[in-house]
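Residue numbers (this note's numbering), protein chains in the order written: chain A, 636 to 1165; chain B, 636 to 1165.
These are calculated hints, taken from the structure and not from any lab test. One should not assume that every hint holds.
Since the list can't tell identical chains apart, any single copy or any two copies may satisfy a pair.
Said to hold, decoys possible - Below, computed lysine-lysine pairings styled on DSS-like, alpha-carbon distance capped at 25 angstroms:
no., residue 1, residue 2
1, Lys1055, Lys688
2, Lys866, Lys880
3, Lys982, Lys866
4, Lys978, Lys924
5, Lys1074, Lys1145
6, Lys960, Lys948
7, Lys924, Lys1001
There are 2 protein chains.
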Amino acid sequence: MATIQGKNFIGYALSSEGEREFQAYAPATDSFLPEAFHCATIGEVNRTMELAKEAFDAYAQVPAAKRADFLIAITEEILALGDQLLERATLETGLPIARLQGERARTISQLTQFADLLREGSWIDASIDTAQPQRTPVPKPDIRKMLVPIGPVIVFGSSNFPFAYSVAGVDTGPALAAGNPVIVKAHAAHPGVSDLTAQAILSAARRTGMPEGTFSMLYDDGFEVGAALVKHLVSKAVGFTGSYKGGMALYRLAQEREEPIAVFAEMGSVNPIVVLPEYLKNNAENLGKILAASVSLGAGQFCTNPGLVFITKTEGLDLFQNSYKAEILNTPSATMLTAGICKNYNKLRGEALEQANVSVLAISDKHAEGDNQAEASIAMVSGKDFIANPKLHEEVFGPFSLLIVCENTEELYEAVSHLKGQLTATLIAEESEIEAYPKIVRQLARISGRFIMNGVPTGVEVCPSIHHGGPFPATADSKFTSVGRHSILRFVRPQSFQNWPDSLLPDELKNDNPLGILRLVDNAQTRDSI
Amino acid sequence: MATIQGKNFIGYALSSEGEREFQAYAPATDSFLPEAFHCATIGEVNRTMELAKEAFDAYAQVPAAKRADFLIAITEEILALGDQLLERATLETGLPIARLQGERARTISQLTQFADLLREGSWIDASIDTAQPQRTPVPKPDIRKMLVPIGPVIVFGSSNFPFAYSVAGVDTGPALAAGNPVIVKAHAAHPGVSDLTAQAILSAARRTGMPEGTFSMLYDDGFEVGAALVKHLVSKAVGFTGSYKGGMALYRLAQEREEPIAVFAEMGSVNPIVVLPEYLKNNAENLGKILAASVSLGAGQFCTNPGLVFITKTEGLDLFQNSYKAEILNTPSATMLTAGICKNYNKLRGEALEQANVSVLAISDKHAEGDNQAEASIAMVSGKDFIANPKLHEEVFGPFSLLIVCENTEELYEAVSHLKGQLTATLIAEESEIEAYPKIVRQLARISGRFIMNGVPTGVEVCPSIHHGGPFPATADSKFTSVGRHSILRFVRPQSFQNWPDSLLPDELKNDNPLGILRLVDNAQTRDSI
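Bound-form chain A, shown alone (with noise of 0.2 angstroms):
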């Protein structure tokens, strides 16, 4: 068994200068696990920042392959870790066990898809462009190009995703993957998980040789330490997965520095669905049913989560809203991820139903044991109400849709003209009755990341082709996914080499190519030698 230390990880060392400290919550039993955590102080943190920017001088220079192995080690120590960390997750997020085995998984596929990655190591965009030094009027120089690592990088672990999100989630994988030393700050909301997964990684920084200071991790309950990584002038990127609140708070001290650094910061949807009529008159009854789930999975407690669906007075509606609220009525309800999450729910679904003209289509009289419990909700408003109020355009964060019952598809286009940039857009539709509404569909791509076909947009799958980052506010940058092979874009920048000799040009651009990786050469893709 490992031992939660509860002090802060400066590199191999423990630091506990700060006299603040917090206890871990246990929402389902609505009581504070016995360890103590360290808020760490500013002096703390510049001394994680000092040891971060040379070790980013070191570690820069650790050969791709060295990084993968890192990686893979991490995996294997966040595995040897065994059910210590699960039930230790499932304390403090409430999260059920199974979801949790789900997620370590898919925490171990993304950092093994980037040692992969860097195995593999073409992502680098290795580019070559030989000289002519016979061209007229002037010479050709030699110029070549790669993606290079761009320095320390601050994590924000996220509430409601203790593993994939966290410690070693989806900012901080590919961060270190491109050879960037990573600070996380760990969440409050589930610290004994982060400081068990700190560990991990470190005993395999520590088994790999990797230098001291690629991977720092900070305590705090409050906001002074998160901010002071922003604002340190050593930080060169911030990655950050909340609330807008949260995101826009870091977004704006980040730009507010005399050198401004981007903070990659995805910051919750609604993720609108649309349903057209064809449709509902064929599926009423089965779309209550997928919705239902869709809106109540993990206690609604995803950014993808399906908060507005658009539907029309047309055939179908009654029996598709008998089975939807049939189906949320027998929605247990379940454990939230800490106390103010709970309590946020049920003020903004409150503030919801207290709008003009919405109304209650069903809410879960299903109670599951355990405190802290959410009961998946459904509120209904017609569509001019709907554009009319804003408001009612936010989202509430847990198992909470509301349904835009509109007149007629033109009512619903405007409807849905008023929303801001998704991480995704749904359109529920037969296929042959798409191409009847162009502004519709037009609209939806506009304003999302990810544009899905009957389908339901919980359930993000890790794959190359899926991009995790939606127009504002969804995301900060919509450039910039969250989720695969991609997200690692965020975390460097292209370097040109004009006229360098062979011998000291990087492995990745040398005549032989040494590594084997797909490279342009003068305009043209190939893994032959120069």
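Chain A is fixed; fit chain B onto it per the hints.
This is chain B only, laid out in the frame that chain A set:
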């Protein structure tokens, strides 16, 4: 002969609602040209942006091959303006005709390269993960991804490149290629060139049937119109090349929006050159000639002008200094782009020369004819005094360079450690001595977007391997380049399509690959159909 209109180009219409006018200035004769240019009003800005919003709906649907035709038509229309365009450009900028011919050729080449990119098509980065309906525990959905345009792009022309970085330059080309409408804020330093170029673009747009509002251009000799364009909700990105002050003002405006947008600002650079001792010993005389030519090229009005040269008190220094001095003394003065730029050059050069322990190595006394003349000037300072005085680290836009004479390579390393982000860094060294200075090499790599060996930073080759964008403050975002094919990545975002029926997918993602582009299909690069 085309007629200079002097009015705002709002789509295909001319508009001159405002009362403010200005005239073009001819720097070589310190005089104003006859035509009046009407500054746009805020009402005209709003009208332009509403039109751009509508145009985006239509233009984003125009097939890539048609957009390529449009770009080629622009090159034809520009060339059709013939000598009129070159003559107007030399009048408005003071740049010699030969240089302008070269710059026009580069502009044509840039646009042609984007047309080629569109016709080949693989730049869209299509990626396909096919479904695995039998996968357990959950089926794998079909997910496909490609790059899509983002919306209207605001382009600020740059004074020093009236063609290549202005109305039809490095921002407009890729923004239009990607499928985004472009709104140019014409640079007040060359309004006539801008006017003629806008007419060429609009003729091309008409001829190839592009939607109205795909291109617009507004005038202003102040800041109001530019600020209003950046703040307008319809704007989705900004391209800018110019001063740090100007770039950061736009950047801050864009960040303060409720929906922040990217400002791809290239804000200048001092482009440090480091000379190592062995090279100095062997090539002292020739080095003076090479540097003098680079510093004074184009009256030093390049973002890649070498403003700082670091050297050591070692064998060859005297010989180098004598050669450098002789070359500079013999360099004729040249007309600067505007009276303001010339005045500013003299002011900043004066301030640099007044700093403690700064001496003059050489100021050209070879005066050419014409007004607004800049003399090539080299100042000298010790490494110690350079390190102590941040004022000396700043850009003096024009044919000025500071020679930093360091006691030894340790002091040289310390001096370059104080530098901020740069477009380029250059190492001038014998190949055999480089490995003795890993810290210097690492530092130059860390701060630069393009790292040159034994060359000069002036002269930016337009090719796939070029990266023209350095760490802040050289550019606002070091991930992106304004030169080369990858510059198109500034104006697109990835979008995923999940479970779409083949017939409704964009051609780039259809099973049978009708465009024949290179795609990543289930993790393998291929042009095959599925």
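Next on the checklist: Checking each numbered hint in turn, tell me which of them this model violates, lowest number first.
Outcome noted: 3, 4
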